[in-house]
Amino acid sequence: MKPRPNYSKIIRLTIFMFSTLLVTVASAAVYNYIYLQASPLSLKTAKVVFADGTDAAQAGTNIGTNGTYVQFTSISGWPNATRIYENATVIMNTDPAVDFTCQLSRDSWNGNTGSIDELFVRIYDASATTQGTLDVKAGNTTSFTITHGEVWRIEWRIKWNANALSTDTATVTLALRITGEGTSE
Amino acid sequence: MKTTHSATLVLSVILLVSMSIPSHGNVNTTLYSQASPILAEQAKVILQQGTNSSSLVYTNNTSAVITITSPLDQPQDFADVLRIVNQASNNWTISLALYDSSNVERLVNATIILQNGSNNDQITINNGNTTQAQGQPCDFATNVTAHVSIMNLQATNNQTTSQLYTYLKILTPDTSTYDLLTITFEIK
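In order, the protein sequences belong to chains A and B.
The first sequence runs 0 to 184 under numbering that gives the first Met the number 0.
The second sequence runs 0 to 187 under numbering that gives the first Met the number 0.
It cannot be assumed that every hint is accurate.
Stated by the list, open to error - Here are a few chain B residues that sit away from chain A, every Cβ distance over 10 Å (derived from the structure):
1) Thr28
2) Leu30
3) Ala39
4) Thr58
5) Thr61
6) Ile67
7) Ala78
8) Asn90
9) Gln114
10) Asn119
11) Cys137
12) Val143
Claimed, not checked - To give an idea of the interface, some chain A residues facing chain B are shown, with a C-beta separation under 10 Å as derived from the structure:
13) Ala56
14) Asn79
15) Phe99
16) His147
17) Thr170
To be verified - Below, computed lysine-lysine pairings styled on DSS-like, alpha-carbon distance capped at 27 Å:
18) B/Lys187 with B/Lys43
19) B/Lys43 with A/Lys136
20) B/Lys187 with A/Lys136
21) B/Lys168 with B/Lys187
The hints are simulated quantities; they were obtained by calculation from the structure and are not laboratory data.
Every residue, glycine too, gets a C-beta built ideally from N, C-alpha and C.
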C-alpha cells in the first residue's frame, strides 16, 4: 500500500521556507540617496602664474599652457662650484586687487641627491628683497604673500660636491600652493 | 531631578556653542615646477697653479688656496699666483669679489688683479683697510688663460697670516647666470 503524503508537514515546511525568504529580504540594506550638484564646473584663468625669467634660456625654462606649470631642463653645475640662475622664472599675481598667500615646498626629490651639497630656491620681490627661501635638500617649506599686480623672480642656486661625477643627475619637483585663489570670483 | 535638568542645560549650551563655530575650509590651488634633469657637468673654466706662489688647486680644479709670503721692507709684485683657463667655446666675463677676511690690518698694500690682456684691479687693500672689495667684470674669451696677480704687496709684520676669502664670478654675458669658484689668499 502506497503511503499517504503528510500534507500537514508539507504545508508547515512551505510556510517555514517562505518565512526564511522574508527574513532574508528584510535583512537587506536600506539605501537613501541624497544628491550634490556642482553646476556649472567652470574653468577660470589662473591669477598666479609662471612666466619666463631673464635666465630662461640658460635654465631651459619651459612654461606650460596657461602658466600653471614650469619645467627647467638645463639646470646644471660644476663640482665644488656654485651655479646661480638669478632669474630662472617669475611668478606673477595678475589679480588687480587681491594678494595671495603662497607656500612653496618640495614635492619629490630623486636621483644622485647625495652628490648635491646645496640646492636653494629663493623668491625675490620687485624690490629685490628675499621673500622666501626653500632649502630643497632639507625639504623645508617657505611661505610668502605675493602682492597684487606684482612680478617676482625665482632664483635657483646649486652646488654639486667635489666628488660629483659628470654622470650624476637629479630631479626635483616643487609644489606652489596658493591659498584663496578662486574664492572671490 | 534638579541635577538632571542642570546637566541637560549644560549639554545644550555646549552643543549650541560648538554648532555656532563656523567650519570653513580654505580653497587652495597647487602649481608645480620641475627641474629635470639637474646635471653635474665637467667644469668649463678651471684653475691652475701659477709660478709665483704655492697654490693648492683642489679636485676638479674649481677651488684653490694661494699661499704667498709678503715682504716687509718694500712692496713686491707677484704676477702669476694663479691661472684661470677657459676650456670652453663660451665667452664669459670674470671678476673677483671679497666675501670675508681676517688679519687684514697688517697689510700695508695689496692689489689683486686679473690679467687678461689688460690689468683689471679687483680687490685693493690700503693701510689695513679694504678700499675695493669687488672688481669690474672683464671679458674672458674662449680658450684664453687669465692670470691672477698680487701687486704692491707689503705687510707690517710676519707674526700672523692674513686671509682673503674671495669668489671668482664667471658670468654668462647678458644674463644673470653665473658660477662662483672659491679662491682663498693666505698671505704670510
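Going through the hints against the structure:
Against chain A, the non-interface label of B/Thr28 is violated: not every CB pair exceeds 10 Å, the least being about 5 Å. Taking the minimum C-beta to C-beta distance to chain A, about 5 Å, the non-interface status of B/Leu30 is violated against the 10 Å cut. Not every CB of chain A is more than 10 Å from the CB of B/Ala39 (nearest about 4 Å), against its label as outside the interface. With a least beta-carbon separation of about 5 Å from chain A, B/Thr58 fails to lie farther than 10 Å from that chain, contradicting its non-interface assignment.
With a cut of 10 Å on Cβ distances, B/Thr61 falls inside the contact zone with chain A, its closest approach being about 4 Å. Look at B/Ile67: its CB is around 22 Å from the nearest CB on chain A, clear of 10 Å, so calling it non-interface holds up. With 10 Å as the threshold on Cβ separation, the claim that B/Ala78 sits away from chain A holds: the shortest Cβ distance comes to roughly 25 Å. Here B/Asn90 stays apart from chain A, with its beta-carbon at least about 14 Å from theirs, past the 10 Å limit.
With a cut of 10 Å on Cβ distances, B/Gln114 stays outside the contact zone with chain A, its closest approach being about 22 Å. Chain A leaves B/Asn119 outside its interface by the beta-carbon criterion, the shortest separation being 21 Å against a cut-off of 10 Å. Every beta carbon of chain A lies more than 10 Å from that of B/Cys137, the smallest distance being close to 19 Å; the non-interface claim holds. Consistency note on B/Val143: stated as away from chain A, and its beta-carbon is indeed over 10 Å from all of that chain's, at 18 Å minimum.
Nearest Cβ of chain B to the Cβ of A/Ala56: about 8 Å, under the 10 Å cut. The hint holds. With its C-beta approaching chain B no nearer than about 5 Å, A/Asn79 sits inside the 10 Å limit, and its interface hint holds. The criterion of a C-beta within 10 Å of any C-beta in chain B is met by A/Phe99, whose closest approach is roughly 9 Å, and the hint holds. Using the Cβ-Cβ criterion of 10 Å, the hint placing A/His147 at the interface with chain B is not satisfied: the shortest such distance is roughly 16 Å.
For the restraint placing A/Thr170 at the interface with chain B, the shortest Cβ-Cβ distance is roughly 4 Å, inside the 10 Å limit, so the hint holds. Of the supplied pair hints, the one linking B/Lys187 and B/Lys43 is violated, its CA atoms being roughly 31 Å apart against a limit of 27 Å. Between B/Lys43 and A/Lys136, the direct Cα distance comes to roughly 25 Å. Compliance with the 27 Å bound is thereby established for this hinted pair. For the proposed pair B/Lys187 and A/Lys136, the alpha carbon gap of about 38 Å is over 27 Å, so the pair is violated.
Pair hint B/Lys168 plus B/Lys187 holds up; C-alpha atoms about 25 Å apart against a cutoff of 27 Å.
Comparing the model with each earlier hint shows violations of hints 1, 2, 3, 4, 5, 16, 18, 20; every other hint is respected.
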